[in-house]
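Chemist: Chain by chain, the residues run as shown.
Number of protein chains: 2
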Amino acid sequence: MKVPVWNPAVEFLEREALERLQLANLRKTVAWALKTPFYRRRLAEVGLHRPEDIASLRDLRDIPYTTKEDLRESYPRGLLAVDLEQVVRLHTSSGTTGMPTVIHHTQADLDAWTELVARCIVATGASRRDVFQNMTNYGLFTGGLGLHYGAERVGMLVIPASSGNTSRQVQLMRHFQTSVVHATPSYLLHLHSALMDEDTDTSPPSLRKAFIGAEPHSEETRRKIETLFEIEAYNSYGLSEMNGPGVAFECLYKTGLHLWEDAYLLEVIDPDSLRPCAEEETGEIVLTTLQRQATPLLRYRTRDLSHLVGGHCPCGRSHRRLARIKGRSDDMLIVNGVNVFPSQIEEALMKAPEVGTNYLIQVEKRGALDRLAVKTEVHAALFAGDARVLSDLRERIAERIRAAVLVKPSIELHEPGSLPVSEGKARRVLDLRPAF
Amino acid sequence: MKVPVWNPAVEFLEREALERLQLANLRKTVAWALKTPFYRRRLAEVGLHRPEDIASLRDLRDIPYTTKEDLRESYPRGLLAVDLEQVVRLHTSSGTTGMPTVIHHTQADLDAWTELVARCIVATGASRRDVFQNMTNYGLFTGGLGLHYGAERVGMLVIPASSGNTSRQVQLMRHFQTSVVHATPSYLLHLHSALMDEDTDTSPPSLRKAFIGAEPHSEETRRKIETLFEIEAYNSYGLSEMNGPGVAFECLYKTGLHLWEDAYLLEVIDPDSLRPCAEEETGEIVLTTLQRQATPLLRYRTRDLSHLVGGHCPCGRSHRRLARIKGRSDDMLIVNGVNVFPSQIEEALMKAPEVGTNYLIQVEKRGALDRLAVKTEVHAALFAGDARVLSDLRERIAERIRAAVLVKPSIELHEPGSLPVSEGKARRVLDLRPAF
Numbered sequence: 001m002k003v004p005v006w007n008p009a010v011e012f013l014e015r016e017a018l019e020r021l022q023l024a025n026l027r028k029t030v031a032w033a034l035k036t037p038f039y040r041r042r043l044a045e046v047g048l049h050r051p052e053d054i055a056s057l058r059d060l061r062d063i064p065y066t067t068k069e070d071l072r073e074s075y076p077r078g079l080l081a082v083d084l085e086q087v088v089r090l091h092t093s094s095g096t097t098g099m100p101t102v103i104h105h106t107q108a109d110l111d112a113w114t115e116l117v118a119r120c121i122v123a124t125g126a127s128r129r130d131v132f133q134n135m136t137n138y139g140l141f142t143g144g145l146g147l148h149y150g151a152e153r154v155g156m157l158v159i160p161a162s163s164g165n166t167s168r169q170v171q172l173m174r175h176f177q178t179s180v181v182h183a184t185p186s187y188l189l190h191l192h193s194a195l196m197d198e199d200t201d202t203s204p205p206s207l208r209k210a211f212i213g214a215e216p217h218s219e220e221t222r223r224k225i226e227t228l229f230e231i232e233a234y235n236s237y238g239l240s241e242m243n244g245p246g247v248a249f250e251c252l253y254k255t256g257l258h259l260w261e262d263a264y265l266l267e268v269i270d271p272d273s274l275r276p277c278a279e280e281e282t283g284e285i286v287l288t289t290l291q292r293q294a295t296p297l298l299r300y301r302t303r304d305l306s307h308l309v310g311g312h313c314p315c316g317r318s319h320r321r322l323a324r325i326k327g328r329s330d331d332m333l334i335v336n337g338v339n340v341f342p343s344q345i346e347e348a349l350m351k352a353p354e355v356g357t358n359y360l361i362q363v364e365k366r367g368a369l370d371r372l373a374v375k376t377e378v379h380a381a382l383f384a385g386d387a388r389v390l391s392d393l394r395e396r397i398a399e400r401i402r403a404a405v406l407v408k409p410s411i412e413l414h415e416p417g418s419l420p421v422s423e424g425k426a427r428r429v430l431d432l433r434p435a436f
Numbered sequence: 001m002k003v004p005v006w007n008p009a010v011e012f013l014e015r016e017a018l019e020r021l022q023l024a025n026l027r028k029t030v031a032w033a034l035k036t037p038f039y040r041r042r043l044a045e046v047g048l049h050r051p052e053d054i055a056s057l058r059d060l061r062d063i064p065y066t067t068k069e070d071l072r073e074s075y076p077r078g079l080l081a082v083d084l085e086q087v088v089r090l091h092t093s094s095g096t097t098g099m100p101t102v103i104h105h106t107q108a109d110l111d112a113w114t115e116l117v118a119r120c121i122v123a124t125g126a127s128r129r130d131v132f133q134n135m136t137n138y139g140l141f142t143g144g145l146g147l148h149y150g151a152e153r154v155g156m157l158v159i160p161a162s163s164g165n166t167s168r169q170v171q172l173m174r175h176f177q178t179s180v181v182h183a184t185p186s187y188l189l190h191l192h193s194a195l196m197d198e199d200t201d202t203s204p205p206s207l208r209k210a211f212i213g214a215e216p217h218s219e220e221t222r223r224k225i226e227t228l229f230e231i232e233a234y235n236s237y238g239l240s241e242m243n244g245p246g247v248a249f250e251c252l253y254k255t256g257l258h259l260w261e262d263a264y265l266l267e268v269i270d271p272d273s274l275r276p277c278a279e280e281e282t283g284e285i286v287l288t289t290l291q292r293q294a295t296p297l298l299r300y301r302t303r304d305l306s307h308l309v310g311g312h313c314p315c316g317r318s319h320r321r322l323a324r325i326k327g328r329s330d331d332m333l334i335v336n337g338v339n340v341f342p343s344q345i346e347e348a349l350m351k352a353p354e355v356g357t358n359y360l361i362q363v364e365k366r367g368a369l370d371r372l373a374v375k376t377e378v379h380a381a382l383f384a385g386d387a388r389v390l391s392d393l394r395e396r397i398a399e400r401i402r403a404a405v406l407v408k409p410s411i412e413l414h415e416p417g418s419l420p421v422s423e424g425k426a427r428r429v430l431d432l433r434p435a436f
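Protein sequences, first through last, are from chains A and B.
Numbering of the first sequence is given in the UniProt record's numbering, commencing with residue 1 and proceeding in unit increments.
Numbering of the second sequence is given in the UniProt record's numbering, commencing with residue 1 and proceeding in unit increments.
The following block holds chain A by itself, in its conformation from the complex (with noise of 0.2 Å):
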C-alpha cells in the first residue's frame, strides 16, 4: 500500500535529525518564552535567562511545568510574546466565570497550525478529491476553523456545516456526496440514528472516512461507528492550549495517534509523582510548543492520560505515538465534546442569590448524546408561592449556565436537605455514562 502522506521531509525525519530540529526549536521556543512577563519571571527563578542555555533537550527537564492555572492568572496578556499588532486571531476558553485562557496566534501560526492538520488529513488517506463536511462548532471552538483551515490547505471541497441540526446535515451529505466528515464519536452516533429515522434507511453511500475526536471514546465506540456507516474512522487529538486539533491523528493504519515532534515536545509523566513513565506505561501527556511565536508553552501539563505506543508503525513515519487518551487526571468533564469544569457550573450557580449551599452535578447518557443535569436546593420560601416563580428561576439558572460553560443543563430545583449531604469532601459530581 502507498503511503499517502502532505509532508514527506518532515514527517519520515529520521529521529536524530528530528531531534535536533527539536533542539533547534526549542531554543527559538525558549527566546519567544523569555519575552513574556510569565516566563521572564518563571525562568529567572531556575536561572535560564537565555536560550543558549538549552545545552541538549535534557535540559528541558530544567523547566518547571506549566498548568492551566498559570495560564488563567496570566490571562489575558501574561503569556503573549509578539507585539499586539503581529496576533491576527485569538482562542479563548469560556470565560463568563472568571477562569478564561486565551491562545494568541501570528500568522506564521495560524499556517504552521494549518499544516499540521493537512497532515493529518493527508494521513488517513483522504484528499483533494474529498468532500469534507466538517460537523464541529466554528468561532472560538478550536475545531470548526481548525479542520476548515486544514482541509482548505488540502484543497478539499469544504462544506462548513458547523455543530447541530441533524437533519440538514444528513441533507447536505445526501445532495453534495460527502465523502469525509468530522465529528465528536456521539454526534456520529446520533446522526445515524437519524438517518435510520428517515425513509430511505441508508447511510450515504458516498462517506468513506470520518474523523473523530474532542472527547474520549472507546475502541469499541470506533468500531460501531465503523460498522454503522460502512467508514474507517480516525482518531483526531488535540487541544486548545496547543491550537486545538492538529496535535495527533491516526494514519492509514491506526496503530496510535502520530504526534508532529517538530512541532510539539512530547512527555509522558506520572501526574503524583511527576517522574517520567516508560513507553507503554499509562500517564499524563505533557507538551511543550516548539513553533509556536505569540504563545509559547512550556511542559504544558494537558492532564490527558495515555501512554507512548512501542516500535514502530508500518506507515514509516518516525513521529512517535500516543494510544487513545483514556481519561483526565483533573476533574473535568467533557459533555458532547464541550469542556466543562464543575467550579464554572458552581461559580454561575452562585450568582443566583435563591440559591442554597448543595447541589449536584450529574452527567449520563441519553441515546447517542451527553445530557447535563443540575439539581439544586432553593430557599424553601420558593416552593409556597407561584409554580411560575420556579420555572423562571430554573430557566434562569440553566441560561446562566449555558453562557459559563456553553452547554445548557436541565435545572431540578429541590428544597433546602432534601439532597444527599456527604461526609467529608462533598461528591459534588455524578458522571454516569458508561466507563471504557
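One or more of the hints may lead you astray.
It does not matter which identical chain is meant; a pair holds if it fits inside one copy or across any two.
[Unchecked claim] With a cut-off of at most 35 Å between alpha-carbon atoms, the simulated DSBU-like pairs for lysine-lysine come out as follows:
no.	residue 1	residue 2
1	209	351
2	35	209
3	408	224
4	365	35
5	408	375
6	326	68
7	224	209
8	68	209
9	351	408
10	254	351
11	2	68
12	2	209
13	35	351
14	351	224
15	408	365
Quick caveat, the hints were computed from the structure, so don't treat them as lab data.
Please read these numbers as outputs of a predicted model, since none were measured by experiment.
Chain A is already provided as a structure; the job is to place chain B on it using the hints.
Modeler: Just chain B, lined up with the frame of chain A:
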C-alpha cells in the same frame, strides 16, 4: 484627511479603464458560464455561443436575467463551471424544504472574495492595528467566514466570536479591547441593552467602529447605534449568491455603499417593466459576477431595492455607490439577519399531519430583536386530550421550522375556524416591525 485604501490601483481606477476591465472580465465570465449546463442552454437561446460575441458592455442587455428560481432549479451542480476537484468550498442556503441554492468556490474565488472584503474593511479606516470581534454566525452563513477571511487578510486581530451568547460577547470586548465589531444592527441594539444592564453601565471605551449589515435598517437606526456606543457605524451590503459580504460597503464619508465594479457589473432596473432606472431612481439591483470561476452568475436579480447615488464621493474611489437597501421586491423576510421565505415555513408546517389549512406568520420587534411567531389551526380533537400532546406538537413544529429556516418560531395552536380567513388571496404574513 488621508483616505485609507487597500488596493489603490483598482479602487481609484478611472472610469474608462474600469469599464475596459469590466468588459474583459465579462468575456471571461461568459466563457466560464458557457461551461455550465444551465447557461449553455440559456445563452444558446439568445444566440450567444462564444465570449467573443460580447463586443461591448452594452451587449449585456441581450443576456436574459438569472433568478433565484433558476439557482434552485440548477441545484446542486447545474451552475458549476469547473471540475469538482477545483472546488474548495461551498455555501448553501437553508434547504430542508427542497429549495436550497448553492454557490461553489475555487481557491481563486475565495482569494478574490477575501480581497473584496479587505477593501471594504480598510475603506472604513480600520486597519491591522484593530481588534475585530466578528459577532456573526460562522459556518454556512457567509457573513461570519466572509468577514473573518477579509479581516485576517488585513492583519487585524480577529476574535471569531460568532453569534449569540451576549454576556460572552461583552466579556470578550472588555478583556481584549475590541475596537471594531461586525453584527446586524438589531443585535447591536440588543447588545447595548445588555451592556446597560451590567453594573458598569458603560460601553467598552475601546470600541471605535461597527460594520452593520444582513438586514435592512434605517438611517435612524445607524445613528442610534453610533450615539449609544459613541462609535462610527458603516453599512455593509452583500448576498449569499454574490459570495456574501464584500459586494458594497461604505467608506469613511458614508455617502452610499461603493460597489466593487471590477467584481460585479451593476444594473438597477424597474422590477415590473425591467427597464433600466435612472440615477437616483429606486429599482431592483441586478448583478453580474465578473471574477467568479466556479459559479458565474449573469444578470442576477437580487430582489433588493436601492438606487444609484449621483455625483462623486470625496474619497475619490471611482466605484459607484448604492444607497442603503430599502427593502425587497419579493416576499422574503429578514429575521435577525437570517433570510426566511414564507413558503419554507409553509412547507415545514404542512409536514405535520395534525396541521390544518389556515395559518399566519407574524414577525414583530421584541426589544431590539425580531421575533417570529407562527399561528396555525390544528385538528379539533387535539384540544380534547392531554395538554402534553399539544405542547409536544408545538415543540415538534417549532423544531421542524427551525431546521428549515434556521430561526425557531414561537408556535400558537388554534382550533379550526378560529384564525381570520381572508377573502381571495390569503394574507399569510404579518410583518409588525416598524417601517423605515
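Chemist: Hint by hint, say whether it matches the structure.
Modeler: To see whether the hints hold, each was checked on the structure:
1. 209 / 351: Answer is between: at 33 Å across copies they meet the 35 Å cutoff, but 45 Å inside does not.
2. 35 / 209: between (43 Å within a copy, 31 Å between copies)
3. 408 / 224: Result: close both inside a copy and across copies, 28 Å intra and 33 Å inter.
4. 365 / 35: Classified as neither: same-chain Cα gap 46 Å, cross-chain 51 Å, threshold 35 Å.
5. 408 / 375: Answer is both; intra-copy 13 Å and inter-copy 28 Å each pass.
6. 326 / 68: For residue 326 and residue 68, the Cα distance is within 35 Å only inside one copy (19 Å; across copies 51 Å).
7. 224 / 209: within (13 Å within a copy, 50 Å between copies)
8. 68 / 209: For residue 68 and residue 209, both the intra-copy (33 Å) and inter-copy (34 Å) Cα distances are at most 35 Å.
9. 351 / 408: Both: 16 Å inside a chain and 29 Å across chains, each within 35 Å.
10. 254 / 351: neither (46 Å within a copy, 44 Å between copies)
11. 2 / 68: This pair counts as neither: shortest intra-copy Cα distance 41 Å, inter-copy 46 Å.
12. 2 / 209: The answer is within: 18 Å in one copy meets 35 Å, while 53 Å across copies does not.
13. 35 / 351: For residue 35 and residue 351, neither the intra-copy (38 Å) nor the inter-copy (61 Å) Cα distance is at most 35 Å.
14. 351 / 224: between (42 Å within a copy, 33 Å between copies)
15. 408 / 365: both (15 Å within a copy, 26 Å between copies)
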